[in-house]
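Novice: If you're matching them up, the sequences are chains C and B in order. Residues in the first sequence are numbered consecutively from 1, following this note's numbering. Residues in the second sequence are numbered consecutively from 1, following this note's numbering.
Please keep in mind that the hints were generated in silico from the structure rather than gathered at the bench. In this text, all values refer to a predicted model and were calculated from it rather than measured experimentally. Among these hints, one or two may not hold up.
[What the hints assert, rightly or not] Under the rule of at most 30 Å between Cα atoms (straight-line distance), these lysine-lysine pairs were calculated in the BS3-like manner:
1. B:Lys-45 x C:Lys-166
2. B:Lys-169 x C:Lys-155
3. C:Lys-3 x C:Lys-33
4. B:Lys-169 x C:Lys-2
5. B:Lys-3 x C:Lys-155
6. C:Lys-2 x B:Lys-41
7. B:Lys-33 x B:Lys-45
8. C:Lys-33 x B:Lys-158
9. B:Lys-169 x C:Lys-3
10. B:Lys-166 x B:Lys-41
11. C:Lys-41 x C:Lys-77
12. B:Lys-158 x C:Lys-155
13. C:Lys-158 x C:Lys-45
14. B:Lys-155 x B:Lys-3
15. C:Lys-45 x C:Lys-84
16. B:Lys-155 x C:Lys-3
17. C:Lys-53 x B:Lys-169
18. C:Lys-3 x B:Lys-45
There are 2 protein chains.
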Amino acid sequence: MKKGLLMVFTGNGKGKTTSALGLAMRCAGHGLKVCFIQFIKGSWKYGELEAVKRFSGLIDFHVMGKGFTWKSEDMEKDRAAARKAWEFARRVIADGSHHLVVLDEFTYLLDYGMIEIEPVLETLAGRPQALHVAVTGRNAPAGLLEAADLVTVMKAVKHPLQAGIKAQKGIEF
Amino acid sequence: MKKGLLMVFTGNGKGKTTSALGLAMRCAGHGLKVCFIQFIKGSWKYGELEAVKRFSGLIDFHVMGKGFTWKSEDMEKDRAAARKAWEFARRVIADGSHHLVVLDEFTYLLDYGMIEIEPVLETLAGRPQALHVAVTGRNAPAGLLEAADLVTVMKAVKHPLQAGIKAQKGIEF
Chain C
1 MKKGLLMVFT GNGKGKTTSA LGLAMRCAGH GLKVCFIQFI KGSWKYGELE
51 AVKRFSGLID FHVMGKGFTW KSEDMEKDRA AARKAWEFAR RVIADGSHHL
101 VVLDEFTYLL DYGMIEIEPV LETLAGRPQA LHVAVTGRNA PAGLLEAADL
151 VTVMKAVKHP LQAGIKAQKG IEF
Chain B
1 MKKGLLMVFT GNGKGKTTSA LGLAMRCAGH GLKVCFIQFI KGSWKYGELE
51 AVKRFSGLID FHVMGKGFTW KSEDMEKDRA AARKAWEFAR RVIADGSHHL
101 VVLDEFTYLL DYGMIEIEPV LETLAGRPQA LHVAVTGRNA PAGLLEAADL
151 VTVMKAVKHP LQAGIKAQKG IEF
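I would like the entire structure built from these sequences, with the hints used as guidance.
Specialist: Next up, the structure:
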């Protein structure tokens, strides 16, 4: 019996989104369909955007919601955008036409209280049996970690920005 | 001034090789050349191997050395294979014709004492200034961590194999 995994990549280190990207690439290599939903607008840059084009028809890519942060002045507007973004993801998950669904930077919506965790956990628990779901982002809530089959915490031991080195093409973006 | 980063992805959690794969994809998306050197034969499976084909001419992929473990009965043979593998990597690094060189699962060679760390650190320190190098694998030695610009420790908080769930296509391989 195949069981779809719920995977969580969290922590403050580099490698969360990059891991999900590698995972998507691995699935697509098998000819399996991936839906990559990005919950922070603009977090994907030119490199990733161009790269996924090579997997057209295999990696569906969607940008949802808002810009770099979900903490704006207009909380109500944020909440509405978050609900809409989650509603889209919920339909993709329930639909089950992908091998893997990636909810990239999704934890921010939960962490900032933009959406409730209970309906998220219900949707994940009730997903098609074989569907793999990967969730990335800092501060993954305890309920999500409990529900997950795999949790990796990416711990930043050293980060070049700490040493005053700027973000660089092909590495950070 | 562009400074190539030395990045280390270590720890016992999932996401080390997958991060490097995502990083390679990001570079290739920019049209930048990557050399991906795998130090454990057979650790890359069908998914990754097929996926990198889509980046032909941008991601060079090389498999070096031995199978799943470097701990065989014939230590001398292992040492010779390790030296040969490292010699290949050393030339690729010094050559500087790539934007990023990935030494995937390389730490095992150091951890098992197959090669000395000093010449490795010398080669890395003397590499072309703009060249990024990513090293993956468990138990990265202290000297490598000290030399690195970026270190992420992937910590396995939960792993599906612990729960008796088998490795699955498109996810684990």
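Novice: Which constraints among the numbered hints does this structure fail? Numbers only, ascending.
Specialist: Violated: hint 1 alone.
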